[in-house]
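With the hints as constraints, model all of the structure from the sequences given.
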Amino acid sequence: MALPLDGPGLQEPVLIARAGDLVGLGGSDSPLLVRGLTVSYGRKPAVFSVDAEMPAGSMTAIIGPNGAGKSTLLKGALGIVPRLSGEIRVFGQPFAAARHRVAYVPQRAGVDWDFPARVIDVVLMGLYREIGPLRFAGRRHRQTALACLERVGMADFAMRQIGQLSGGQQQRVFLARALAQNADLYLLDEPFAGVDAATERAIVGVLQALKDDRKTVVCVHHDLSTVTDYFDRVLLINLRKVAEGPVGEAFTAEALQATYGGRLSRDHIEDLALAG
Amino acid sequence: MGADFVQLSLTPIVIGTLACIACALPGNFLLLRRQALIGDAISHVVLPGIVVAFLITGTITAWPMMLGAAGAAIIAVGLIELIRRLGRIEPGAAMGVVFTTLFAAGVLILEMTDTSGVHLDVEHALHGNLESLVWFDATGWGSLLDGQALAGLPPQVLRLAVVTAAMALFIVLLWRELTIATFDTVFARSMGIATRAVGFALVVATAVAAVAAFDAVGSIIVIAMFICPPAAARLMTNHLPHQVLWSVVFAVLSAVLGYVLAGYGPGWIGHSHAVSAAGMIATVSGAILALACLFGPERRRTGQAAEGA
Amino acid sequence: MAAEVGLFLDALALRAGYNSALVAVGAALLGIAAGGSGAFIFLRKRALVSDAVSHATLPGVGLAFIAMVALGGDGRWLPGLLIGSALSAAIGLVIVEWMARATRLSEDAAIGAVLSVFFGLGIVLLTIIQTLSSGRQAGLESFLLGATAGMLLSEAYTIAAAGLVAALIVLAMRRQMTLVAFDPDYAATQGVDIRRTDLTMMALALIVTVIGLKVVGLILIVALLIIPPAAARFWTDRVDRLIALAALFGGLAGYIGAALSSAFAALPTGPIIVLVAFALFLASLLGSPLRGVLAAALNGLSFRRRVHRRQGLLALARGEAIYDGFTLAVLRQAGLIRRDGVATLAGRAAAAAAVRDEARWDAAHDLAAHNLAEDERVLERYDGLTPIEEVMTADQIAELDRRLARLEAARPEVSG
Chain U
1 MALPLDGPGL QEPVLIARAG DLVGLGGSDS PLLVRGLTVS YGRKPAVFSV DAEMPAGSMT
61 AIIGPNGAGK STLLKGALGI VPRLSGEIRV FGQPFAAARH RVAYVPQRAG VDWDFPARVI
121 DVVLMGLYRE IGPLRFAGRR HRQTALACLE RVGMADFAMR QIGQLSGGQQ QRVFLARALA
181 QNADLYLLDE PFAGVDAATE RAIVGVLQAL KDDRKTVVCV HHDLSTVTDY FDRVLLINLR
241 KVAEGPVGEA FTAEALQATY GGRLSRDHIE DLALAG
Chain R
1 MGADFVQLSL TPIVIGTLAC IACALPGNFL LLRRQALIGD AISHVVLPGI VVAFLITGTI
61 TAWPMMLGAA GAAIIAVGLI ELIRRLGRIE PGAAMGVVFT TLFAAGVLIL EMTDTSGVHL
121 DVEHALHGNL ESLVWFDATG WGSLLDGQAL AGLPPQVLRL AVVTAAMALF IVLLWRELTI
181 ATFDTVFARS MGIATRAVGF ALVVATAVAA VAAFDAVGSI IVIAMFICPP AAARLMTNHL
241 PHQVLWSVVF AVLSAVLGYV LAGYGPGWIG HSHAVSAAGM IATVSGAILA LACLFGPERR
301 RTGQAAEGA
Chain H
1 MAAEVGLFLD ALALRAGYNS ALVAVGAALL GIAAGGSGAF IFLRKRALVS DAVSHATLPG
61 VGLAFIAMVA LGGDGRWLPG LLIGSALSAA IGLVIVEWMA RATRLSEDAA IGAVLSVFFG
121 LGIVLLTIIQ TLSSGRQAGL ESFLLGATAG MLLSEAYTIA AAGLVAALIV LAMRRQMTLV
181 AFDPDYAATQ GVDIRRTDLT MMALALIVTV IGLKVVGLIL IVALLIIPPA AARFWTDRVD
241 RLIALAALFG GLAGYIGAAL SSAFAALPTG PIIVLVAFAL FLASLLGSPL RGVLAAALNG
301 LSFRRRVHRR QGLLALARGE AIYDGFTLAV LRQAGLIRRD GVATLAGRAA AAAAVRDEAR
361 WDAAHDLAAH NLAEDERVLE RYDGLTPIEE VMTADQIAEL DRRLARLEAA RPEVSG
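Residue numbers (our numbering), protein chains in the order written: chain U, 1 to 276; chain R, 1 to 309; chain H, 1 to 416.
Just so you know, these hints were derived from the structure itself, not from any lab. A portion of the hints provided could be inaccurate.
Pairwise CB distance ranges, derived in the manner of DEER restraints [to be verified]: (1) 294(R) x 240(H): 39 to 45 Å; (2) 295(H) x 212(U): 52 to 58 Å; (3) 139(R) x 265(H): 47 to 53 Å; (4) 237(H) x 271(R): 57 to 63 Å; (5) 241(H) x 71(R): 37 to 43 Å; (6) 71(R) x 98(H): 34 to 40 Å; (7) 8(R) x 141(H): 21 to 27 Å; (8) 3(R) x 91(H): 41 to 47 Å; (9) 241(H) x 85(R): 20 to 26 Å; (10) 183(H) x 110(U): 23 to 29 Å.
Glycine residues also receive a C-beta, built at the ideal position from the N, C-alpha and C atoms.
What follows is the structure in structure tokens.
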């Protein structure tokens with residue numbers, strides 16, 4: 001039996017909005033709205049035509065195999081890597097206009113930890129916008145930074161050279177820097193990668209507190225076994241979006257199979273506490 | 001330490017010291033950004049810039065030369081970036097292609113043009129002529145207060161003083177942008193810091209410093225001033241403000257010690273002729289770096305950074 | 001000028017005298033060796049290490065001169081100077097490696113430090129020599145920028161012979177080089193000693209540098225190691241061809257440059273050779289059909305159009321609104337939508353085809369997920385754009401379609 005030539009939705013003529021008409025984007029003021037995002041490194045797309053929407057006060061895990069475009073999705077949304085196509089709205093505004101409401105935690109491995117800086121210097125970077133251009137951090141800023149370090153349990157390390165920290169401690173410092181930004185939307189790239197159990201608990205605690213505070217959290221996440229414990233929403237991607245929604249609806253064996261293909265054994269999927 | 005010293009040695013020492021400081025300041029950030037060799041590339045293209053400026057204006061007055069050299073540096077950095085992107089070639093190789101070619105073109109044009117009437121030759125361009133920057137009008141320390149004598153100071157003194165002050169101002173004003181963009185580019189961009197513009201500003205600062213110092217020490221030895229004092233300073237401390245201060249200390253030490261050793265050192269061992277001051281300054285800065293490599297308190301990588309490397 | 005052109009043509013044909021011919025052949029051999037070993041260094045991303053090595057030759061030249069004068073010799077004996085330069089270059093190389101390994105400084109800082117400090121020390125030694133020889137021209141300045149004019153016959157022989165040896169080493173090492181440059185881990189499993197190969201290649205670069213001192217000069221010799229491989233990179237993605245092409249470009253640059261220089265004797269040889277090499281690079285950068293700038297620009301534009309076309313078609317098929325102006329323009333130009341944004345017949349057919357292609361790819365992924373695919377490698381070509389017809393046979397696609405049809409039958413309601 002051959003496939004029907006007419007695809008679904010093609011029975012009626014389709015009316016398309018004109019260029020620049022952003023009706024579909026303007027109506028929403030959700031913390032993060034992504035429409036048709038495509039990012040390509042060289043001639044190979046890393047993220048292809050992804051739509052996503054994060055509701056306020058939600059905690060979403062972005063899940064997918066290595067090289068599926070999870071980090072690229074965040075970077076594309078923040079304009080850190082150039083977009084080939086697509087529209088982004090942050091709280092209903094273009095990202096540049098809502099930048100002060102967003103905190104981004106890049107991958108720990110992306111920076112040079114041998115840089116001559118102390119822990120508190122890194123956290124103070126989060127106050128860059130608050131301090132303002134051509135000014136230096138004052139006493140008040142240092143107190144804010146210390147308070148943020150306290151929240152991740154790193155206050156005792158404030159004067160330590162960053163190269164002397166363990167991986168987990170580095171990750172906590174990054175989180176403290178994001179807290180210093182006092183944002184409404186937190187985007188974290190692999191915050192649990194290569195950290196010890198104590199750090200993982202500490203980070204989860206901080207993120208939960210943010211969520212309770214009606215902040216929105218989005219994490220690129222790689223550990224499927226903790227998804228249901230830590231998050232209330234998932235976004236499964238592998239180049240394209242496979243599924244998105246509350247953990248109970250979207251985090252299914254079928255969706256995982258579709259996301260990971262042969263790279264995830266059936267047994268492993270069955271072991272996960274999955275919905276449906 | 002009398003009139004002779006003031007007339008023959010004081011200005012070269014001051015010029016050498018200012019040149020070293022002006023280069024060491026941006027050098028700190030070049031070092032941390034792993035762009036030490038941008039200093040290398042830029043200093044090589046100062047020569048073609050000056051040669052072309054000479055061809056256009058027909059004179060070797062300071063400002064056209066400075067502009068020509070700064071322009072060449074910016075063109076070179078643009079070309080490196082262009083070749084790196086278009087050809088998808090690693091930055092080191094792209095740099096090598098650009099600066100050798102521009103340098104070759106500069107030498108060739110210089111050799112083909114008649115510059116016999118002016119003080120512009122390849123050798124001078126390569127290793128400078130610090131010794132010639134003497135203060136003819138000085139008669140002793142009192143000349144420092146004598147307006148007429150001061151007017152006869154080599155123009156390099158004022159020029160380097162201005163450039164050094166500009167470098168200090170640049171570092172202080174853009175301190176946070178430079179550190180954040182250097183430490184974590186991705187985060188910096190998410191904060192709205194124009195990381196490319198910051199990088200470009202650093203390149204321009206480097207070019208200005210290289211051009212100003214070029215007169216005194218030539219286009220290759222200036223690389224030592226970009227790299228050696230900050231590199232030695234990095235091995236002394238883990239705190240960036242302290243690193244910058246150490247680099248200034250090492251820059252001053254290299255310049256003064258280098259000049260004194262070059263001018264008076266041969267005499268101490270019974271040799272009558274002085275040796276190249278610029279070469280000696282580079283040598284001393286290298287010796288300081290060697291000592292820092294062997295004994296600097298923070299010479300080794302630590303913790304995670306060491307594992308990662 | 002006409003006379004110079006004639007001289008140049010004579011030199012190209014090796015008719016400009018025995019010395020010139022020997023120098024041209026020597027420079028060509030030098031270029032071949034430089035291009036070949038440079039290709040390896042280029043692939044190992046250590047192009048500028050050779051810059052440190054070449055500048056580090058200067059104090060060696062100076063010390064060798066002083067030593068030979070102290071021993072009562074002439075001081076200008078070329079082999080002696082070359083040995084001295086090789087020794088100090090080797091010391092520079094060792095220091096670069098040591099600094100990058102034992103201290104927290106990175107390799108680029110080590111390169112810059114060694115390069116400039118050794119050069120500075122060399123200049124100090126040159127000023128000492130100027131006073132030593134008291135008026136007698138030592139001629140060491142020619143080592144900075146190269147000079148083949150007035151070269152002694154014995155010197156030309158030395159250069160030609162050393163160039164031949166270096167070129168032969170590249171020829172003998174080419175297989176090992178290819179392996180290590182392509183995939184060091186794999187090479188290690190094949191019993192290739194990576195560190196020794198790296199060291200050998202660095203030693204070869206050092207030999208090339210030292211031979212090149214008299215011809216190209218120490219400031220620019222690095223160009224002969226870097227530019228030919230960079231130019232060759234535009235023409236091929238294969239390591240063995242890259243090395244061969246780099247050797248060819250290097251040889252051409254050396255030969256043509258030396259011939260030009262014999263016609264314009266007043267000019268230093270090094271810059272001429274470098275500019276010839278750069279001309280080859282520029283031609284490659286612009287003109288190569290594989291990675292050249294023109295080809296890339298055309299490719300980039302067509303790629304962007306493909307992405308937007310595909311995205312637009314899928315949106316059409318799903319009945320979603322399209323907001324992106326470029327997408328609309330692409331679809332409109334292809335006659336897939338009308339001016340008012342409504343899909344044409346062709347547009348609907350293309351949208352359906354895109355949906356079908358997506359479904360087939362999904363099916364292929366699904367097969368792989370259930371470990372049923374004959375060949376999982378085709379899935380690596382999945383980029384969201386390539387039609388499946390390009391990577392699978394008609395039979396394989398028919399199989400996918402049957403599978404899709406079965407799924408369809410089992411689940412009649414296809415969600416949008």
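The hints, checked one at a time:
| no. | hint | in the structure |
| --- | --- | --- |
| 1 | 294(R) x 240(H): 39 to 45 Å | 43 Å, holds |
| 2 | 295(H) x 212(U): 52 to 58 Å | 55 Å, holds |
| 3 | 139(R) x 265(H): 47 to 53 Å | 49 Å, holds |
| 4 | 237(H) x 271(R): 57 to 63 Å | 58 Å, holds |
| 5 | 241(H) x 71(R): 37 to 43 Å | 38 Å, holds |
| 6 | 71(R) x 98(H): 34 to 40 Å | 38 Å, holds |
| 7 | 8(R) x 141(H): 21 to 27 Å | 26 Å, holds |
| 8 | 3(R) x 91(H): 41 to 47 Å | 43 Å, holds |
| 9 | 241(H) x 85(R): 20 to 26 Å | 23 Å, holds |
| 10 | 183(H) x 110(U): 23 to 29 Å | 25 Å, holds |
Consistency with the previously given hints is maintained throughout, with no hint failing.
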